[in-house]
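Student: So the sequences go chain by chain: X and H. If you read the first sequence in numbering that gives the first Met the number 0, its first letter stands for residue 0, the second for the next number, and so on. If you read the second sequence in numbering that gives the first Met the number 0, its first letter stands for residue 0, the second for the next number, and so on.
Derived from the structure by calculation, the hints contain no laboratory data. Careful, some of the hints might be misleading.
[Unchecked claim] The calculated lysine-lysine pairs, modelled on DSBU-like cross-linking and capped at a C-alpha distance of 30 Å, are: (1) K57/X <-> K165/X; (2) K34/X <-> K226/H; (3) K38/H <-> K168/X; (4) K165/X <-> K226/H; (5) K38/H <-> K138/X; (6) K138/X <-> K191/H; (7) K34/X <-> K122/X; (8) K218/H <-> K34/X; (9) K138/X <-> K218/H; (10) K33/X <-> K191/H; (11) K165/X <-> K182/H; (12) K253/H <-> K88/X; (13) K34/X <-> K191/H; (14) K93/X <-> K138/X; (15) K93/X <-> K191/H; (16) K253/H <-> K33/X; (17) K226/H <-> K182/H; (18) K226/H <-> K138/X; (19) K122/X <-> K253/H; (20) K182/H <-> K138/X; (21) K38/H <-> K169/X.
[What the hints assert, rightly or not] Chain X stretches covered by chain H per the calculated footprint, using a threshold of three residues with CB under 8 Å from any CB of chain H: (22) 20 to 27; (23) 46 to 54; (24) 59 to 66; (25) 81 to 93; (26) 113 to 120.
Cβ coordinates follow ideal geometry from the N, Cα and C atoms, glycine included.
Residues per chain are reported as follows:
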Amino acid sequence: MSTKIENTMKPGPEAIDLDEMLLRFRPVVGFKVKKALGGGNPDWEDVVDEIMMQAIEKIKTGEFRGESSVGTFIYTITSRRIIDYIRLKTRILKEAPEVPALPDPHDQVERNERAERLAEAIKQLQTRFRDVLYLYYYKDFSREEVARELGISPARVSERVNYARKLLKKMLDR
Amino acid sequence: MNECPNEDRIDRYLTGRLTESETAELEEHYFNCSACFQKISERNELVEMIRDRGAEIFEGADAGPIHSWKKAPWKEGREQSDRWKETPSKGFLPRVSPPINASDNAPWKDGRERSDRWKETPSKGFLPRVSRWVTAAAAAVLLAAVLVLIPTFKGRDLKIVSTGDEAVRGESLIVLSPRGEVKAAPAAFEWKAVGAAAEYRLALSGPETLWTTVTKAMKADLPDNVKRAMKPGLYQWQVKAYSAQGTLLAASPKVDFRIAD
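Just chain H, with the same shape it has in the complex:
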């Protein structure tokens, strides 16, 4: 019987993020290990419920704040904190200012009486009730930021892929593992198949090229001699999909992973 899966693996199973072979391995395991089955079925209840009702729980009217920067100004008595500035911005989203307090007088409307009627319009879920000018301005800023930053957005379905030495038209290839921090040199490299691909070419570097391979599968085992030579540190790998004619179909970005000390 193989080893009991760790917490993260169980979570990824329950959220559908394991590969087919990882899934089969884990499932066969819990058919044999009642302790793991107990754990997994209990956790599944929580995960399923969250995925069913997440919108209501986390984003609904009576949900608490998520991160400091989403504090709702209409909740009386609560201080508007500046802690939101410390949270990392979410990828390409700019850090827009926190919602303007309803009691502020809009300086551009000098002379005009501030009507309170806009407060009667229903607030849109967790979005604060701000004057429509602020909302429009914020939307424009966001839109501009997104448009400006699209080329740098590391999207998964980007049609034009830059792989460093060449810009390729096609879909980017999604890599599954390894990525991020790993405890030891990985046993294999895995990625999501590209339908039309006849073969995949993989290159591992750290930073100079350590190993390359060509395979038809979506997985490549790391040979023992290379594995043994890999000390803790930062590595990079990349896999490219080629058609039968030898044209490049898709390429993954250069994925970093670090072998921990």
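If we strip away everything but chain X, and leave its shape as in the complex, we get:
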């Protein structure tokens, strides 16, 4: 049984399926929040929960009526919540230094395994692919700067980066 809320402002009965919304947007919100707060920050999951709850609340009370897309609606809530969090955190930290919490060990192990395989795969790539990954993603060269450094066109740089990623994906999917 899914929870549907009537969206009365749009022509025709277009309902927002809350369960589907949660399912679809939780990962996206999680991604942005984690990026904004830093993966090591233990609060990020709570912040995501709050955002989802706020979204549901606004839909239920009719505050959101579909004037924008659902994605934009949730993005707006997410941005605001992140700003509030950072503001609050900054204020708290000014008053009392915080002891950093230890990251979830289970998460770490899983991520490390995949990261390890990725790292090994990169080491096995041919020089020309390793070069672009090194300069573009690690050394923060722009596309044009990489092109100049390696003596190839910027378009070729992009091609190589794209191809390197495809190769890595293939190597990992094996």
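Position chain H against the provided structure of chain X, taking the given hints into account.
Tutor: Structure of chain H alone, referenced to chain X:
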């Protein structure tokens, strides 16, 4: 919903090189586009890992060579190629000779027995084990080159900025876009704000002055009539930051960009 971002834009997002407004635009987009979100979150895993462990992956002991000129001589059997000479030198770094092979006899040490003890000292990561004289000489050459070339180094934090017609004391202004190759006349010009600036003055030329504007923002929209008149070719623009009193605070270099055919 705005357009799906291209690969380069996604990469710049993940490496933190987009402006605030570009970032917001892209983020709002992937909140609405699950295909892009999928792409971006997958790529993020790779980018984050590279940025975390890049030193170990690319510069560690078991990392492969980066460019031909960094071939390590102690890896037996590998030929010392001359291809490194063809790679463009990295800005101000001179092309120093490739590491001397460990088995070479140093001619200046005629009569002295070559001790092999120096091989026992741990090699410094990817730096080849060369005699300390060669390292010292190389360091001296590098230092001299850097000192000589500092005035020409197009640094971002240079304290004295030459803008062609005037030398200005102050920080140089970082321009964000457009630069390099663009597909069409840009919609706007963007640069990094200078804290104390009350206003910015921008000039576009190609090569004669096409358009100037003054703004308080870090962005200036290109008016339609100018945009329409811009054919494919090479253009230049420059933006200068001024204080409330009208003194020049910072200036960008004259940035080239080319509108492709």
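Student: Would you mind marking each hint as holding or not holding in the structure?
Tutor: Hints versus structure:
1. Note on K57/X and K165/X: the hinted pairing is violated, with a Cα-Cα distance of about 41 Å set against a maximum of 30 Å.
2. Distance hint between K34/X and K226/H is unfulfilled; the C-alpha atoms sit about 37 Å from each other, more than 30 Å.
3. Taken as a hint, the K38/H and K168/X pair is honoured in the structure, with Cα atoms around 12 Å apart against an allowance of 30 Å.
4. Using a Cα cut-off of 30 Å, the hinted pair K165/X and K226/H is violated, with the two alpha carbons roughly 38 Å apart.
5. Using a Cα cut-off of 30 Å, the hinted pair K38/H and K138/X holds, with the two alpha carbons roughly 22 Å apart.
6. At roughly 21 Å between alpha-carbon atoms, K138/X and K191/H fall within 30 Å of each other, so this suggested pair holds.
7. Annotation: proposed proximity of K34/X to K122/X holds, straight-line Cα distance about 26 Å (limit 30 Å).
8. Between the alpha carbons of K218/H and K34/X the distance comes to roughly 26 Å, so the proposed pair stays at or under 30 Å and holds.
9. About 27 Å separates the Cα atoms of K138/X and K218/H, which keeps this hinted pair within 30 Å; it holds.
10. Taken as a hint, the K33/X and K191/H pair is honoured in the structure, with Cα atoms around 26 Å apart against an allowance of 30 Å.
11. Distance hint between K165/X and K182/H is fulfilled; the C-alpha atoms sit about 26 Å from each other, no more than 30 Å.
12. For the hint linking K253/H to K88/X, the alpha-carbon distance of about 41 Å lies beyond 30 Å, and the restraint is violated.
13. Between K34/X and K191/H the CA atoms are separated by roughly 22 Å; this keeps the pair inside 30 Å, and the hint holds.
14. This hinted pair does not check out: K93/X and K138/X have alpha carbons roughly 33 Å apart, beyond 30 Å.
15. At most 30 Å may separate the alpha-carbon atoms for a hinted pair to count; K93/X and K191/H meet this at roughly 28 Å.
16. About 39 Å separates the Cα atoms of K253/H and K33/X, which puts this hinted pair outside 30 Å; it is violated.
17. Between K226/H and K182/H the alpha-carbon distance is near 13 Å, which keeps this suggested pair within the 30 Å criterion.
18. Between K226/H and K138/X the CA atoms are separated by roughly 35 Å; this puts the pair beyond 30 Å, and the hint is violated.
19. For the hint linking K122/X to K253/H, the alpha-carbon distance of about 40 Å lies beyond 30 Å, and the restraint is violated.
20. A distance of roughly 26 Å separates the Cα atoms of K182/H and K138/X; the hinted pair therefore holds under the 30 Å criterion.
21. Distance restraint check for K38/H and K169/X: the Cα-Cα separation of roughly 15 Å lies within the 30 Å cut-off, and the hinted pair is therefore satisfied.
22. Residue count for the segment 20 to 27 of chain X with a Cβ under 8 Å from a Cβ of chain H: 4. That meets the three needed, and the coverage hint holds.
23. With 0 residues carrying a beta carbon less than 8 Å from a beta carbon of chain H, the segment 46 to 54 of chain X misses the three-residue requirement, and the given coverage is violated.
24. Residues of the segment 59 to 66 of chain X with a Cβ under 8 Å from some Cβ of chain H number 0, which does not satisfy the need for three, so the listed coverage is violated.
25. Counting residues of the segment 81 to 93 of chain X whose CB falls under 8 Å from any CB of chain H gives 0; the rule of at least 3 is not met.
26. With 4 residues having a beta carbon nearer than 8 Å to a beta carbon of chain H, the segment 113 to 120 of chain X meets the requirement of three or more and the stated coverage holds.
This entry does not satisfy hints 1, 2, 4, 12, 14, 16, 18, 19, 23, 24 and 25, going by the numbered hints stated previously.
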